[in-house]
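Chains A and B, in that order, are what the protein sequence lines are.
Here the first sequence stands for residues 41 to 363, where the numbers follow this note's numbering.
Here the second sequence stands for residues 2 to 381, where the numbers follow this note's numbering.
Among the hints, a few may not be true.
Claimed, not checked - Computed list of chain A residues with no C-beta within reach of chain B, every gap over 10 Å:
| # | residue |
| --- | --- |
| 1 | Arg56 |
| 2 | Thr236 |
| 3 | Phe306 |
| 4 | Arg313 |
Said to hold, decoys possible - Reference excerpt, derived from the structure (chain B facing chain A, CB under 10 Å, subset only):
| # | residue |
| --- | --- |
| 5 | Ile87 |
| 6 | Ile134 |
| 7 | Thr149 |
| 8 | Ile151 |
| 9 | Ala159 |
| 10 | Ile339 |
| 11 | Gln340 |
| 12 | Gly341 |
| 13 | Ile344 |
| 14 | Ala349 |
| 15 | Leu350 |
To be verified - Below, simulated SDA-like cross-link-like pairs (lysine to any residue); rule was C-alpha separation at most 20 Å, straight line:
| # | chain 1 | residue 1 | chain 2 | residue 2 |
| --- | --- | --- | --- | --- |
| 16 | A | Lys353 | B | His145 |
| 17 | A | Lys293 | A | Leu341 |
| 18 | B | Lys170 | A | Gln328 |
| 19 | A | Lys361 | B | Met353 |
| 20 | A | Lys353 | B | Arg141 |
| 21 | A | Lys353 | B | Gly143 |
| 22 | B | Lys170 | B | Leu282 |
| 23 | A | Lys353 | B | Arg142 |
| 24 | B | Lys170 | A | Phe329 |
| 25 | B | Lys170 | B | Thr181 |
| 26 | A | Lys353 | B | Gly83 |
| 27 | A | Lys361 | A | Ala233 |
| 28 | B | Lys170 | A | Ile325 |
| 29 | A | Lys361 | B | Pro356 |
| 30 | A | Lys353 | B | Ser240 |
| 31 | A | Lys293 | A | Gly356 |
| 32 | A | Lys293 | B | His145 |
| 33 | A | Lys353 | A | Arg223 |
| 34 | B | Lys170 | A | Ser326 |
| 35 | A | Lys353 | B | Pro241 |
| 36 | A | Lys361 | A | Thr126 |
| 37 | A | Lys353 | A | Asn230 |
| 38 | A | Lys353 | B | Phe85 |
| 39 | A | Lys353 | B | Arg242 |
| 40 | A | Lys361 | A | Asn230 |
Derived from the structure by calculation, the hints contain no laboratory data.
Note that the Cβ used here is the ideal one computed from N, Cα and C, for glycine as well.
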Amino acid sequence: MMDFGAWINVIDSTIRLSTPLLFAALAGLYSERSGIFDISLEGKMLIAAFASASAAAVWGSAFVGLLVGILAAVGFSLVHGLASITYRGNQIVSGVAINFIAAGLTIILGQSWFGQGGRTPSLFGGGRFEAIDLPGAAALRDVPVVGRIYADILSGHTLLVYVAFAMVPITWWVMFRTRFGLRLRAVGENPAAVDTAGISVAWLRYRAVIICGILTGLAGSYLAVAQAAGFTRDMTAGKGYIALAALIFANWKPVPVMFACLLFGFLDAISIRIQGVELPIIGEISAQFVSALPYILTVVLLAGFVGKATPPKAGGVPYVKER
Amino acid sequence: MSRPYAKLPGWIDYGLIPLVNLIVAFAVAGLVVLIVGESPVEAAALMIRGAFGYGEGIGFTLYYATSFIFTGLAVAVAFHAGLFNIGGEGQAYLGGLGVATVALALGGTLPWWLNLPLAVCLSFAFGAAWAFIPAWLQARRGSHIVITTIMFNFIAAALMVYLLVNVLKPAGTMAPETRTFEAGAQLPKLRGLFDLFGVSLGGAPLNVSLFVALLAAFLVWVLIWRTRLGYEIRTLGFSPRAARYAGMSETRLIVFAMAISGGLAGLMALNPVMGDQYRLLIDFPGGAGFVGIAVALMGRGHPVGIVLAALLFGVLYQGGAELSFDMPTISRDMIVIIQGLVILFAGALENMFRPGVGAAYQWIRMRTGERAGVDVEEAR
Numbered sequence: 041m042m043d044f045g046a047w048i049n050v051i052d053s054t055i056r057l058s059t060p061l062l063f064a065a066l067a068g069l070y071s072e073r074s075g076i077f078d079i080s081l082e083g084k085m086l087i088a089a090f091a092s093a094s095a096a097a098v099w100g101s102a103f104v105g106l107l108v109g110i111l112a113a114v115g116f117s118l119v120h121g122l123a124s125i126t127y128r129g130n131q132i133v134s135g136v137a138i139n140f141i142a143a144g145l146t147i148i149l150g151q152s153w154f155g156q157g158g159r160t161p162s163l164f165g166g167g168r169f170e171a172i173d174l175p176g177a178a179a180l181r182d183v184p185v186v187g188r189i190y191a192d193i194l195s196g197h198t199l200l201v202y203v204a205f206a207m208v209p210i211t212w213w214v215m216f217r218t219r220f221g222l223r224l225r226a227v228g229e230n231p232a233a234v235d236t237a238g239i240s241v242a243w244l245r246y247r248a249v250i251i252c253g254i255l256t257g258l259a260g261s262y263l264a265v266a267q268a269a270g271f272t273r274d275m276t277a278g279k280g281y282i283a284l285a286a287l288i289f290a291n292w293k294p295v296p297v298m299f300a301c302l303l304f305g306f307l308d309a310i311s312i313r314i315q316g317v318e319l320p321i322i323g324e325i326s327a328q329f330v331s332a333l334p335y336i337l338t339v340v341l342l343a344g345f346v347g348k349a350t351p352p353k354a355g356g357v358p359y360v361k362e363r
Numbered sequence: 002m003s004r005p006y007a008k009l010p011g012w013i014d015y016g017l018i019p020l021v022n023l024i025v026a027f028a029v030a031g032l033v034v035l036i037v038g039e040s041p042v043e044a045a046a047l048m049i050r051g052a053f054g055y056g057e058g059i060g061f062t063l064y065y066a067t068s069f070i071f072t073g074l075a076v077a078v079a080f081h082a083g084l085f086n087i088g089g090e091g092q093a094y095l096g097g098l099g100v101a102t103v104a105l106a107l108g109g110t111l112p113w114w115l116n117l118p119l120a121v122c123l124s125f126a127f128g129a130a131w132a133f134i135p136a137w138l139q140a141r142r143g144s145h146i147v148i149t150t151i152m153f154n155f156i157a158a159a160l161m162v163y164l165l166v167n168v169l170k171p172a173g174t175m176a177p178e179t180r181t182f183e184a185g186a187q188l189p190k191l192r193g194l195f196d197l198f199g200v201s202l203g204g205a206p207l208n209v210s211l212f213v214a215l216l217a218a219f220l221v222w223v224l225i226w227r228t229r230l231g232y233e234i235r236t237l238g239f240s241p242r243a244a245r246y247a248g249m250s251e252t253r254l255i256v257f258a259m260a261i262s263g264g265l266a267g268l269m270a271l272n273p274v275m276g277d278q279y280r281l282l283i284d285f286p287g288g289a290g291f292v293g294i295a296v297a298l299m300g301r302g303h304p305v306g307i308v309l310a311a312l313l314f315g316v317l318y319q320g321g322a323e324l325s326f327d328m329p330t331i332s333r334d335m336i337v338i339i340q341g342l343v344i345l346f347a348g349a350l351e352n353m354f355r356p357g358v359g360a361a362y363q364w365i366r367m368r369t370g371e372r373a374g375v376d377v378e379e380a381r
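Given the sequences, and given the hints that come with them, work out the whole structure.
Okay, here's the thing in structure tokens:
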């Protein structure tokens, strides 16, 4: 079995790998809690990753990159909002469309602007988010167990990792302790009641969709300008769908979303390491099985064999005002 | 109720509005071409020449269209039942396993015309089985079919990689693919047929599965509009409550519609696996399952529309491949954008131009003579 140092490594990469999932799953939480199904998390992450990496490469600043990434994702979010709120179209169809447009657009524009086969130039220096060392991390490193945990797991991540985990309590507070959150949840359960109370259903849902854009923008920018150093073709590689799975797995609740993302991040972290490892009873586990595990777990959960998924009642249904 | 979208004559609903949506989608795609710094008109001309300009191009166009007819029909059958099957890609992948099973077992013993019906049965069965699980979960456990079919695409991909690497790959080779099938599992190309009309298909992989696709389109039409099951499926899609009230079994209909849908997606594997590559490869569906969504939306769920829409996407795929030779900045990923735009404008934003088109139609009716006015009077 693995020793302490190896576990520290696995947990460290678990945190890195769950960060984009966490941003994207929380993004989906705002949108879906307001009644707008969103399977375009993947596409919005991808366009944000591309936009942020391009901007960071051109202007040499990670923060400019982040801003542009967020703007791009919000732009795509508004298209989704236009289709599903204003024109009462099918939200799934709109999401599928956005995923395709993002997949194609990132490569075509990348090739045309940078000519590197769809990649953006490598980022260095201020173009990337650097790891932050928490105070005293280096000094405490030699303290047994606790020191390593503090120095290697808690410290040494980029700013966006801390932002992602801070978003969990913030989202909980917004959702369950503010008037906006109450209305947002209400509009996802019973829009007619919200409408009767004199609150605009469309404007509430648009705000939810914009927040979703901002958070997917953070998710995509994290991938391109913090975790990696530039955009590569199809770099989200299904993470948007895993985030969606995490959201369902967590029953559309912020704190469980964090644990689901950590679980799926952990599976991702060990999938590379587990190849060829013999486990007692089960025998050798294939990497394909581990990589498919988040999807299998989600299906099992959706089937209601473990727990029960209760999506927002009005999710996916366009709101038609009574006249 | 809010103002309902005006009832318009059939030719506007099924002809003009899809056309307007399509034109807008292509206009936006043209904008992308413009941003990239090429001429959209020239790009379109190159594309059409690449798709129709010479025999081999036509062969490739029809070859791609064959795959898209299958996946488009698959999405459409589910649509008629009010279900969104995004799992065509995974179902086609599993269908390939069915084709390969027949081809590897019997390719050396039976001729192709006996292997083809067997492969049709088995690929349909494998695709249907892969769609059955999400269908059953939707019907009995209430899990959302869109999410489960997405998940099943990923599970299918992992499963097939596992099978190809660990089970199907012949010993001593590196590439994760099966051995090449024997002659009995290779579908004949249509080169000879086209030679009769003086068109040389060259190396195009167009094969007899085109006829299987056209037959499937006809059978889907019979199923949806001429059988009791089809009537029930449409009822379920139109109003689940009406279906329940009429005593139809929702579970049965969801399972049947999805199994047929998955089976049709599975049939798509015939074309590339048995008709072109003669072996099972990693990721051979290559996105055809997703193109089916655009095809079904554009074809409005009707087999005739689907065949036409599949042909259009065949043109885009083949023309796009040619285009990327002449305009290197426009790779085949341009097609993915166009596909997305078609899904957006013909699907999600289909209501965007409807009020405008409807108003224009009424205005023209008012302006062009008394006859229309008389109709209105009579109607009252």
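A quick look at each hint next to the structure:
The non-interface label for Arg56/A is consistent with chain B: the shortest C-beta to C-beta separation is roughly 22 Å, beyond 10 Å. Non-interface call for Thr236/A relative to chain B: holds, since the shortest CB-CB distance, roughly 15 Å, exceeds 10 Å. Distance to chain B confirms Phe306/A as a non-interface residue, since its nearest Cβ pair spans about 18 Å, more than 10 Å. Every CB of chain B lies more than 10 Å from the CB of Arg313/A, the least distance being 17 Å, so the non-interface label holds.
The criterion of a C-beta within 10 Å of any C-beta in chain A is met by Ile87/B, whose closest approach is roughly 7 Å, and the hint holds. Satisfaction of the interface hint for Ile134/B is found here, the shortest Cβ-Cβ separation to chain A being roughly 8 Å, below the 10 Å cut-off. Annotation: Thr149/B was flagged as interfacial toward chain A, and the flag holds, the nearest CB pair being 6 Å apart, inside 10 Å. Hint status for Ile151/B: holds, given a least beta-carbon distance of 6 Å to chain A, under 10 Å.
Residue-level restraint check for Ala159/B holds (minimum Cβ-Cβ distance to chain A is 4 Å; threshold 10 Å). Against a cut-off of 10 Å between C-beta atoms, the interface hint on Ile339/B holds, since the closest Cβ of chain A lies about 8 Å away. Below 10 Å, beta-carbon pairs count as interface contacts, and Gln340/B has one with chain A at about 5 Å; its hint therefore holds. For Gly341/B, the shortest C-beta to C-beta distance to chain A is roughly 3 Å, which falls under 10 Å, so the interface hint holds.
With a least beta-carbon distance of about 4 Å to chain A, the hint placing Ile344/B at the interface is held under the 10 Å criterion. Interface hint at Ala349/B: satisfied, since its Cβ lies 3 Å from the closest Cβ of chain A, which is below the 10 Å cut-off. With its C-beta approaching chain A no nearer than about 5 Å, Leu350/B sits inside the 10 Å limit, and its interface hint holds. Our distance criterion of 20 Å between C-alpha atoms is met by Lys353/A and His145/B, whose separation comes to about 12 Å.
Restraint check for Lys293/A and Leu341/A: the C-alpha separation of about 15 Å stays at or below 20 Å, so the hint holds. The suggested pairing of Lys170/B with Gln328/A holds, with an alpha-carbon distance near 16 Å, which does not exceed 20 Å. The hinted pair formed by Lys361/A and Met353/B meets the criterion: a straight-line CA distance of about 18 Å does not exceed 20 Å. Annotation: proposed proximity of Lys353/A to Arg141/B holds, straight-line Cα distance about 18 Å (limit 20 Å).
Pair hint Lys353/A plus Gly143/B holds up; C-alpha atoms about 13 Å apart against a cutoff of 20 Å. For a cut-off of 20 Å, the pair hint linking Lys170/B to Leu282/B stands: about 10 Å separates their Cα positions. As the CA atoms of Lys353/A and Arg142/B are separated by approximately 16 Å, the hinted pair is consistent with the 20 Å bound. The hinted pair formed by Lys170/B and Phe329/A meets the criterion: a straight-line CA distance of about 18 Å does not exceed 20 Å.
Note on Lys170/B and Thr181/B: the hinted pairing holds, with a Cα-Cα distance of about 11 Å set against a maximum of 20 Å. Distance hint between Lys353/A and Gly83/B is fulfilled; the C-alpha atoms sit about 18 Å from each other, no more than 20 Å. As the CA atoms of Lys361/A and Ala233/A are separated by approximately 11 Å, the hinted pair is consistent with the 20 Å bound. The straight-line distance between the Cα atoms of Lys170/B and Ile325/A is roughly 19 Å, inside the 20 Å bound, and the hint therefore holds.
Restraint check for Lys361/A and Pro356/B: satisfied, since their Cα atoms lie roughly 17 Å apart, inside the 20 Å limit. For the given pair, Lys353/A sits about 18 Å from Ser240/B by alpha-carbon distance, which is consistent with the 20 Å threshold. A distance of roughly 18 Å separates the Cα atoms of Lys293/A and Gly356/A; the hinted pair therefore holds under the 20 Å criterion. For the given pair, Lys293/A sits about 18 Å from His145/B by alpha-carbon distance, which is consistent with the 20 Å threshold.
Taking the CA atoms of Lys353/A and Arg223/A, the gap is about 14 Å. The hint holds against a cut of 20 Å. A hinted pair counts as satisfied when its Cα atoms are at most 20 Å apart, and Lys170/B with Ser326/A qualifies at roughly 16 Å. The straight-line distance between the Cα atoms of Lys353/A and Pro241/B is roughly 17 Å, inside the 20 Å bound, and the hint therefore holds. With a CA separation close to 12 Å, the supplied pair Lys361/A and Thr126/A stays within the 20 Å bound.
With a C-alpha separation of about 7 Å, the suggested pair Lys353/A and Asn230/A falls inside the 20 Å cut-off, and the hint holds. Between Lys353/A and Phe85/B the alpha-carbon distance is near 18 Å, which keeps this suggested pair within the 20 Å criterion. Distance restraint check for Lys353/A and Arg242/B: the Cα-Cα separation of roughly 17 Å lies within the 20 Å cut-off, and the hinted pair is therefore satisfied. Between Lys361/A and Asn230/A the alpha-carbon distance is near 12 Å, which keeps this suggested pair within the 20 Å criterion.
This entry satisfies every hint, going by the numbered hints stated previously.
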